[in-house]
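A.B. asks: Protein chains in written order, with my numbering: chain A, 36 to 403; chain B, 37 to 325.
These aren't lab readings, by the way, just hints derived from the structure by calculation. There may be inaccurate statements among the hints.
To be verified - The calculated SDA-like cross-link candidates involving lysine to any residue, where the alpha carbons are at most 20 angstroms apart (straight line), are:
hint	chain 1	residue 1	chain 2	residue 2
1	A	Lys-71	B	Ala-148
2	A	Lys-272	B	Ala-148
3	A	Lys-183	A	Leu-210
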Amino acid sequence: MRSILRAALLAAACTFAVSAAHAQDPVRIGVINPTKSLVGKQGQQGAVVAAEMINADGGILGGRKIELVSYDTNFLPNEGVAATQRLINQDKIRFITGEISSTVALAVLQLAQANGALFMAAVPKHPAVTSGYDRVFRLNSTTAMDAKDFDAFLVEKIKPTKVAVIAENSDFGRLTIAGLKKLFGDKIVAAETYEMTQNDFNTIVTKVKGSGADVVCLAGSNMEQYGNILRVAAELKLTAKRCVMPGILNSEGVRIAGPAADGAFSADIYVTSLDNPLNKRFVEAYKAKYNELPEKIEVLGFESVWIVAKAMDKAKDATDPGKVAKTIHDNSWETPRGTVTFEKNGQAVAGPLINLEVVQGKLVPAKQ
Amino acid sequence: MFDILLQQIANGLSVGMGYALVALGLTLIFGVLHVINFSHGETFMIGGLLTLIATTTLGLPYLVALPLAGLGGAVLGLAINWISVRPLLPRRDGAADVLLATFAVSILIHQAVIMLWGPTPARIDGVPGAFEIGPVVLTGQRLFVLAAGLALLVALEWMLRRTRFGVELRAVAQSQFAARVVGINVDRVNGVTFGIAAVVAALGGALLSPVILYSASMGQVVIIKAFVVVVIGGMGSITGAVACGLLVGLLEAVLGLFAGEGIATAIIYSLLLAMLLFRPQGLTGKRAR
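Only chain A is shown next, with the shape it has when bound in the complex (with noise of 0.2 angstroms):
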């Protein structure tokens, strides 16, 4: 009876010591991001807020605090697939998150499927991202989601009569162009691209100035382009609108254009001064680390983290990515930006864009 006792005791209190020897254990979560860009920047420091977030509550799976590895993809595809080997084989991660490139993503999307990992990806905007694997998700919503809510808001709060298009020479930029074309028609009077290098508006903005526009559509994802463009028209006294597309536009850009930027309106998926407790602490937290405010991009980061360790948490799981997937599926998860949810092809969707605006050099929600 007492050695049975004895061995009992002996049992529970290695069962104790073994649980507490794994409560200490820390979750690890792949990252990747360009981290040497300033996108990458802020998508990795999204993620870094994220998990001391996390860890200042006290952890998941009872106390386990969340453990960020991190790689750089500097946007190119073959060190993305370096990382993801590195994260996969070397440090048996299986649990990747971020990035912002979608060539990145879909070249780590082939590893991840190969190796059975789960890829939460942040930005990478291409539709092929979310494409027939159940355990990949994309935060960042897709230029033809943004595009259904901003049709509406144009054709119905701005009513152009005509309309000029400045746009880069990219898929974007051209998918942009015909998407005005289609939703426009003979409205559309100037649709011009520009070089992904080019740095002197004043011939284009001249043109579109000519062509009588009182709305002028800009499609470039670089700051410095569309903030020069910005200033180009305030310079040549362009008195059209400026509608920026949606989920370009950003603190940075504004900065670049100046008080060129004031009245220039656009979309996108979160604005930091969005009124929810989350979003409240995290700004509060992002910028008590970095001295920075946070924005779409250090959102999606954060998020990417966030939602996987909340999902272990909740599907009492941390190794095994098709329990996490199938719990990051079937529930809804609080963020910043409000409630996500995912579709069945993995991507997310959060309520409609919110409508921006330029005052004085501040982005801010629309009053209309």
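Since chain A is already given, all that's left is putting chain B on it; use the hints.
C.D. replies: Here is chain B on its own, set in the frame of chain A:
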């Protein structure tokens, strides 16, 4: 339509002067040292960066920042010459080695700036105001670029024709060997030429960064156009570089108006090819010798 054409001509001239400013230094170095300096675009970028630092971090007025950028350019130019040109030039394939070495230097400068300063582009506020002449609007900065570009051209031509150094420089450009024989310090002439070219490049960066914005890649973009200008204008010709810079700017703006930007670019590169095939000495057909 006529109003737009006038505006495009003004735009084209102001853009073209930008090309000319970068091409000037490139053509000067080619004329004297007979080498292609690939790091020229990065010197241009450093001129922009120094202007940005002087006007924002140090809070200096733009017109004070301008000579500082030129000074920084001179230091950088002399250093590039000392490290990557002077030791290689006497070799048998010196010109090719210099091309590769300055290419390496350009990547080094570019990456160092991204690492130390960061990749974020920035706005620089230059000469304020805008002038309306009839239907044509030109900002103060663009007019300033045009005026400063012309002033630099005149100063360079004067230096070449009227100063002792100008005579030495033209002698070295004609024949390094003969120049040495008559007692000209060729290494010094080469070094000073490199320095002058770098000052012009850095001033170009300082002048244009308020128009095109500062970014770490501004040098890489502009150097390609500058090569086109130098080839069409005639390798080594200073007047050719300026005239051709203005011409390329004008062609881009006016053709862009009637045929679209893509066609305009295609025509300019076709012109480059035609020049190389049928008139390799360039439009002006003579060198700064």
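A.B. asks: Give a verdict on every hint.
C.D. replies: Results of checking the hints against the structure:
1. A/Lys-71 / B/Ala-148: 12 angstroms, holds
2. A/Lys-272 / B/Ala-148: Distance ~38 angstroms between A/Lys-272 and B/Ala-148 Cα, so the pair is violated.
3. A/Lys-183 / A/Leu-210: Given that 20 angstroms is the threshold and the Cα spacing comes to 14 angstroms, the pair holds.
In the structure shown, a violation is registered for the earlier hint numbered 2 alone.
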